[in-house]
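K.L.:
Listed here are the chains, written in short residue letters.
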Amino acid sequence: MSAPALLRLAPEDDVALALRPLAPGTPLGPEFAGLALREAIPLGHKVALRPIAAGELVRKCGVPIGRATRPIAPGEHVHVHNLRSVVLVNALDHAEE
Amino acid sequence: MRAASGYLRADGRKGIRNRLLVAYLVECAHHVARAIAAPFAERGVELVGFSGCYPNAYAQEVMDAVCTHPNVGGVLLVSLGCEEFDRSRLQRTIAGSGRPVATLVIQREGGTAPTVAAGRAWIEETLPELSRVPRVPVRSADLVIGTKCGGSDGTSVLSANPAIGRASDLLVDAGATVIFEELGELFGCEEHMAARAVRPELARELRAVMAKARRYHATMEHGSFGGGNITGGLTTVEEKSVGAYAKSGTRPIRGLLRPAVRPSAPGLYLMDMVPDGPVRWGYPNINDTTEVVELIACGAHLVLFSTGRGSVVGSAVSPVVKVCANPETYRRMSGDMDVDAGRVLEGRGTLDEVAAEIVAVIERVAAGEPTRSEALGHQEFVLGYKHFEPLGPACLPRPAFGGR
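Just so you know, the sequences run in chain order X and E.
Numbering-wise, the first sequence is residues 1 to 97 according to the working numbering.
Numbering-wise, the second sequence is residues 1 to 404 according to the working numbering.
If you are wondering where the hints come from, they were derived from the structure by calculation, not from laboratory data.
Hints may contain errors.
Stretch by stretch, here's where chain X covers chain E in the computed footprint (C-beta under 8 Å, at least three residues) [as the list claims (entries may be wrong)]:
no.	stretch
1	217-230
2	340-351
Just the calculated beta-carbon pair ranges, DEER-fashion [unchecked claim]:
no.	chain 1	residue 1	chain 2	residue 2	range
3	E	E353	X	A36	28 to 38 Å
4	X	T69	E	G368	47 to 57 Å
5	X	A3	E	S334	19 to 29 Å
Because the structure is a prediction, the values reported are computed rather than measured.
Note that CB positions come from ideal geometry on N, CA and C, so glycine has one too.
Bound conformation, chain E alone:
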């Protein structure tokens, strides 16, 4: 990858973007945070946050991870004042990471207008500081790539997902870290996945989380499967799973993550996003964006997003690369798509050519080129309530980052 396009952070990780985040810590502070960020949309300022008033360890960990993500250069926290989110802990975490951070408490500042004015003034002051972050070259081995699908249809298994799988193999071979996810779309793939685990104890963990996902979805009486999938030709969740699993490629599975846990060495990982314990707070993930945010919380610099029906979403913090499986969708919505994978269905290319194109797009985006969703201003962010137990010792490989 070209010259010094990356941003070196104090923990040694390299960012491919240098965002300044405005983070609301309860829905009551959302409007004020949005008003603070709005005038700076063209200058890399983005809005993230957590709507809930009651505390949740998972949400706190995801906010910690997002606010200290390598693509983030600084954070302004916006609190109403009486919510239970631990804003002091988040402020300490961010400050400890060497990033500029400030907290505005609306009830202390004197309401909406004074808080908006104070927030905008802080951003004006802080943006020049962000531009002094040391610049460094970024190589494939520095990157964490998330893979995800949304709006799948009958073409996903034929083009975009296997192309992403081949790109995943190329990236892993180049020393990158790749994360796949969505247990609710891996039903029927359990034994195949377990056979790819690098350690027998990890294979047991993979089977256990899939059994958990099956119980969870059975209790909810609904899988990760919807009307749009059916219109697109997918009949059952296990049929959708065959396609979704193709995104993981063929390389060994090195570890199992949960949201906000970072991979400890390069290679391929599965992210478990189904909560532990009894079913609480509803569906594991209410939409595609919740999963994109979880991948970002695991450190993903960039997310490969396969779509057949035609999703338009992007994300705050990390660029989303849209890989379109369906040639009809691509013709209708090309302005939202980064890669035309459906061309393999029309004899205009092979899966290997699309995979090579995906890797080339990643290199350009890592060097600063905006994705389609970035250029269109997409900055989706959703974070809800979940409960997770700590990961077992078999889930992660021994750390290799930072030299052995």
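Isolated chain X, as found in the complex:
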């Protein structure tokens, strides 16, 4: 049995964290049955656990960490290309546009 791949920090979370660098298709264990990684996920990065609509709040550790800027499919990398802060607009966010 290999080391765990993903960690969901709270039961209501929409994302899980990669506990090591993960390649697409890496087996994720029974807790994540039915989920397939669509792309590579670096260590500490987030992967979507359910379909998320554009504009929806995304939860990690049970709290909202931002709003989806486009639809996100399960198994997709969740990061600055599809998630935006609701607290503060960063100079870096502008740079993404």
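Since the structure of chain X is already known, use the hints to place chain E on it.
P.N.:
For chain E alone, kept in the frame of chain X given last:
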């Protein structure tokens, strides 16, 4: 903690180091101060200072606090002569604390070379005096511990920050004082923090400083969030905040500090480092070291520093204990790290084991063992301009230090 490792100061506080500081009072005196201190690097002499030429009450208070910090045994002030920093007040404050102090004014001494010679002679004379400071045992209850993160990434919330949070709980339970900070990394945690305040008036103060931080960062159009955080997997400042907040553990919040204000009783404190009033002089803190210096100005004997991306910084005055969240970073940079917290991600330990290790490291460092950054010669120090209003009466608990 072991035998008489501490240094007893006249105000009753105990130091875990016995540094002699060379302090420049304007950038124009920086090189001369560095040249004075350089030959004594191995003998506990460190360089601190303030670059600005114009006076600033906050900078003056931080210099007062740093130069009378329990880890400091004596201070040499180096002034150019025409800067506006109130060197007489600082000299009086240090002398009044029972520490040896002297001021060299470069324009009066006759320039660089004579000042460097006079400064080195004063240090040679003064170092033996420092070795006569009374030695006393140091217990957890004597310690003020700062917590801080720098170079956070997606692993910080999983390992180093919650481990520091558990260590913070252990330290508070042992009677220590713990300070967490960086309001710009606590967005979204406001109500949770307010619920942990020991008094309703303090809860109101906590909400008020967070609202101030939100306004300040909105005006700056930039949060405490950068490109390295993004590469490390953090997407938003509120996501970073969830991780940073974990460092504060679970104990009640006893008070609210601002830089250079000392906790009045043991327990857990939040340090407000966002300036009051309109936005002036730029970002609240331009880098991690400014916050480490502010924690030290609040009396921190030692700073726990969580890093995922891999910070190497240490500090003048107080040792910095580097707790590494990311196992890949630890393998690459282990020579700079004191604690391998990322091992919990690889099943090589639990958060409670890492927390116990952090407490054990604190005990060894308090007993004199150098941290990695100390051994490598790190002595970062940065101090800029800020404006603060006095703290409201609800912020601090009634004093308990020195017996009730």
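K.L.:
Take the stretch 217-230 of chain E, compare each residue's beta carbon with every beta carbon of chain X, and decide whether three or more fall closer than 8 Å.
P.N.:
holds (count 9)
K.L.:
Does the beta carbon distance between X/A3 and E/S334 stay inside 19 to 29 Å, or does it fall outside?
P.N.:
holds, 20 Å
K.L.:
Take a look at whether the Cβ-Cβ distance between X/T69 and E/G368 falls inside 47 to 57 Å.
P.N.:
holds, 53 Å
K.L.:
For E/E353 and X/A36, compare the CB-CB distance with the range 28 to 38 Å and indicate the outcome.
P.N.:
holds, 34 Å
K.L.:
Holds or violated: the stretch 340-351 of chain E covered by chain X, criterion of 3 or more residues with Cβ-Cβ distance under 8 Å?
P.N.:
holds (count 3)
Going through the hint list in order, the structure satisfies each hint without exception.
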